[in-house]
Each structure stands twice: as C-alpha cells, then as structure tokens.
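Engineer: Under full-length UniProt numbering, residues 1 to 351 are what the sequence shown spells out, in order.
Warning: the hint list may mix true and false statements.
[What the hints assert, rightly or not] Estimated spans, in silico, between C-beta atoms of each pair:
#	residue 1	residue 2	range
1	158	3	35 to 43 angstroms
2	165	48	18 to 26 angstroms
3	321	150	34 to 42 angstroms
4	132	19	36 to 44 angstroms
5	150	128	17 to 25 angstroms
6	49	156	32 to 40 angstroms
7	175	134	21 to 29 angstroms
8	62	342	29 to 37 angstroms
9	46	131	52 to 60 angstroms
10	132	233	27 to 35 angstroms
11	279	165	42 to 50 angstroms
12	50	148	15 to 23 angstroms
13	148	177	26 to 34 angstroms
[Unchecked claim] Subject to a maximum C-alpha distance of 16 angstroms in a straight line, what follows is the list of computed EDC-like cross-link-like pairs (lysine to aspartate or glutamate):
#	residue 1	residue 2
14	152	249
15	50	29
16	208	347
17	289	249
The set of hints was computed from the structure by calculation and includes no laboratory data.
In this text, all values refer to a predicted model and were calculated from it rather than measured experimentally.
Positions of the beta carbon are idealized from the N, C-alpha and C atoms, including for glycine.
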Amino acid sequence: MSSFPNIEETMILIKELVSIPSPSGYTKDAIQFIEQRLEKSNVEMKRNRKGGLIATLRGKNTSKHRFLTAHIDTLGAIVKEIKTDGRLKIQVIGGFPLNFVEGEYCTIHTVSGKKYTGTILMHQTAVHVYRKAGELKRDTENMEVRIDEVVKSEEDTRKLGIEIGDFISFDPRVEKTESGFIKSRHLDDKASAAILIKVIEKLAADQKELPYTTHFLFSNNEEIGYGGNSNISPETVEYLAVDMGAIGDGQRTDEYTVSICVKDASGPYHYGLRNHLTEIAKANEIEYKLDIYPYYQSDASAAIHAGHDVIHGLIGPGIDASHAFERTHELSLKHTENLVYHYVQSEMVEG
Numbered sequence: 001m002s003s004f005p006n007i008e009e010t011m012i013l014i015k016e017l018v019s020i021p022s023p024s025g026y027t028k029d030a031i032q033f034i035e036q037r038l039e040k041s042n043v044e045m046k047r048n049r050k051g052g053l054i055a056t057l058r059g060k061n062t063s064k065h066r067f068l069t070a071h072i073d074t075l076g077a078i079v080k081e082i083k084t085d086g087r088l089k090i091q092v093i094g095g096f097p098l099n100f101v102e103g104e105y106c107t108i109h110t111v112s113g114k115k116y117t118g119t120i121l122m123h124q125t126a127v128h129v130y131r132k133a134g135e136l137k138r139d140t141e142n143m144e145v146r147i148d149e150v151v152k153s154e155e156d157t158r159k160l161g162i163e164i165g166d167f168i169s170f171d172p173r174v175e176k177t178e179s180g181f182i183k184s185r186h187l188d189d190k191a192s193a194a195i196l197i198k199v200i201e202k203l204a205a206d207q208k209e210l211p212y213t214t215h216f217l218f219s220n221n222e223e224i225g226y227g228g229n230s231n232i233s234p235e236t237v238e239y240l241a242v243d244m245g246a247i248g249d250g251q252r253t254d255e256y257t258v259s260i261c262v263k264d265a266s267g268p269y270h271y272g273l274r275n276h277l278t279e280i281a282k283a284n285e286i287e288y289k290l291d292i293y294p295y296y297q298s299d300a301s302a303a304i305h306a307g308h309d310v311i312h313g314l315i316g317p318g319i320d321a322s323h324a325f326e327r328t329h330e331l332s333l334k335h336t337e338n339l340v341y342h343y344v345q346s347e348m349v350e351g
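Please build the complete structure, drawing on both the sequences and the hints.
Structural biologist: Here it is, written out as structure tokens:
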C-alpha cells in the first residue's frame, strides 16, 4: 500500500495551521508559515499584492495552466468600540451568527504586536442579575469581549494599546481523537490548505513533472468574498477550489469521503470538470459524494464573477458544523488529498 498520503502528517500540519491566528485582513503570519515551509522544497513562489501566496510547479505543457486554491483566512472579529467599562464591542469578519462564538476564548492583536486574551460573552451574562439573559438576542449590541486585564474604563483599555481596528482571533481548541477525528475552529479552510501543501511537497520530492504548469494559490480573503478572483494567469484553463464540503439535513456530504460540489449559491460548477473528477475518483478507489451547497460560494465562483474565462470546480473534505466548532475525519482528508494528487497529474477536460 502506498505511503501517500500520510494523513497523520497532514493532521499535524492542520493543527499547526489552525493554531496560527489569521482572520481575514490579518493573515501575514499564516502566509509566512506556508512560504517558509515550501521554501524547503525549493518551490517557485510569489506573493500577490493582496497578501496571498502563489506556488507554481512548471509542467510539460506551458501554454495551458491549472490553478488550485485553498484559503488560509478564517472567521474572526475586529474591535468596533471601547466601552466605558473597558470592554470591547466587536464587528464580525466573515459570515457566522454570534451565538456560534458565545463563550469562546479569543486574542486581541494590537498594532504594537502586544497580544491580550479575552472571552466573548453576552453583556447580560450573570443569570443572578439578568433574569432574561437566555432570551436576549446574540448580536453586536449585546455581545462583547471581556479582556483578561485589570481594566475598569475606556482609558484603562487604551493604555494597554488596544484600539479601534485591532483584530480578534478565536481560540481554535484543536484536538485529534483516537477514533480519527480532528475537531477545531478554522478547518475551513486550513484542512485543505494543509492538503495542498502536502501534495506540493510530494510532487516536489518525487521531481514529478506535471502535464500542465500548475499554480497553487493560498488565498487570504475568501471569507469576505474575493480571495481568488485575481492573479489568474491568462493561460489558465482549469480552476479548482479546494475548500470544504457542507454537511447538514438533505446533504450527501459526510466526514468520511471527499465532497465534489455540483452547485452552490453561485450556480452550477462546470459539468465536464465535475465528471472528470468523479472518473478520477472511481479509477483510484477514492470515495466521494456529489452534493449541492445551498448557501455557499468559493474562490472559484469568485473568479467566475470577476469575469475569468475558466473551467471551474469545487471539492473538499466534509466538514461538520461549518463556521462553528468544526470537525472532520482522517478518511475525508485522505480521499481529498488523493483526489487532488491524481487530478493535477491528469489530462485536462475538453471544454
């Protein structure tokens, strides 16, 4: 049996990635981590002006290119206001209801580099004081950050160096179970970022020449809608977003297979590429599920909206509780990594 993919190594890498704070707009540390890691494999790389990282593996055919993306930006928050009692009002970064982060530990990242921990709570938390605490709306008016410092006023908090516009990251609480699950915040999309890194490293180590020049974009604005809509070479024919499969009632996606998206909120993905991916899966004993994600858009759909003339697709491991406290299984990671590995070595789809 092939030693690739080594999912234990992939899961270790996922744990490293989710532990690096990178809410959209504050992704420099995660990008630097990936860049320094891929430098060890002598991979050709460049940063785009938005702060994303593009790794390129030159292929036999240089007139037609492939483009794959995984995003390393995550959900998060930003300081909206410093309240008179020294606590923080926030605005969310990305799409999630605030009850998904109620009670979560967080870190405030100041411009000076100083970091402070805190907890995201309802203002009316004490049930011994607020009789209807459980009935109140979880929104930015009622929820706040309690800072783990002695602060009693707005002035006290400002003296710490905390200011409007400071980013707030959520504690991932990453854990791997003996039953093969990894549960953590930010598996969307750091699970797939780890998969792309491992595929790049495998191809580089084996000095395997791909049939087409292939670019791998680690994008950094996907959660706010425009991570992968630029820096697409004019030679690009196929664009594959490697993100996450959505799990819920009426969905076929699960935590044990790779999910191949047929359609999301942006519309159908390319029929020929979708069928090509399923044929690759069948030929290589990769377990997959076809699915529709009703409230979802990807970097690939962002590229289409931006006007790029590409064949686009979307795959990913099935992630339970997306945009909340997420979980997936090593089987889903294995099948996704295998599909990416075989896809980049396959012939292109005929439009």
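Engineer: Next step is simple, just say for each hint if it's right about the structure.
Structural biologist: Each hint, compared with the structure:
no.: 1; hint: 158 / 3: 35 to 43 angstroms; verdict: 54 angstroms, violated
no.: 2; hint: 165 / 48: 18 to 26 angstroms; verdict: 23 angstroms, holds
no.: 3; hint: 321 / 150: 34 to 42 angstroms; verdict: 35 angstroms, holds
no.: 4; hint: 132 / 19: 36 to 44 angstroms; verdict: 37 angstroms, holds
no.: 5; hint: 150 / 128: 17 to 25 angstroms; verdict: 23 angstroms, holds
no.: 6; hint: 49 / 156: 32 to 40 angstroms; verdict: 38 angstroms, holds
no.: 7; hint: 175 / 134: 21 to 29 angstroms; verdict: 28 angstroms, holds
no.: 8; hint: 62 / 342: 29 to 37 angstroms; verdict: 21 angstroms, violated
no.: 9; hint: 46 / 131: 52 to 60 angstroms; verdict: 58 angstroms, holds
no.: 10; hint: 132 / 233: 27 to 35 angstroms; verdict: 57 angstroms, violated
no.: 11; hint: 279 / 165: 42 to 50 angstroms; verdict: 49 angstroms, holds
no.: 12; hint: 50 / 148: 15 to 23 angstroms; verdict: 33 angstroms, violated
no.: 13; hint: 148 / 177: 26 to 34 angstroms; verdict: 29 angstroms, holds
no.: 14; hint: 152 / 249; verdict: 46 angstroms, violated
no.: 15; hint: 50 / 29; verdict: 14 angstroms, holds
no.: 16; hint: 208 / 347; verdict: 15 angstroms, holds
no.: 17; hint: 289 / 249; verdict: 15 angstroms, holds
When each numbered hint is compared with the structure, violations occur for hints 1, 8, 10, 12, 14.
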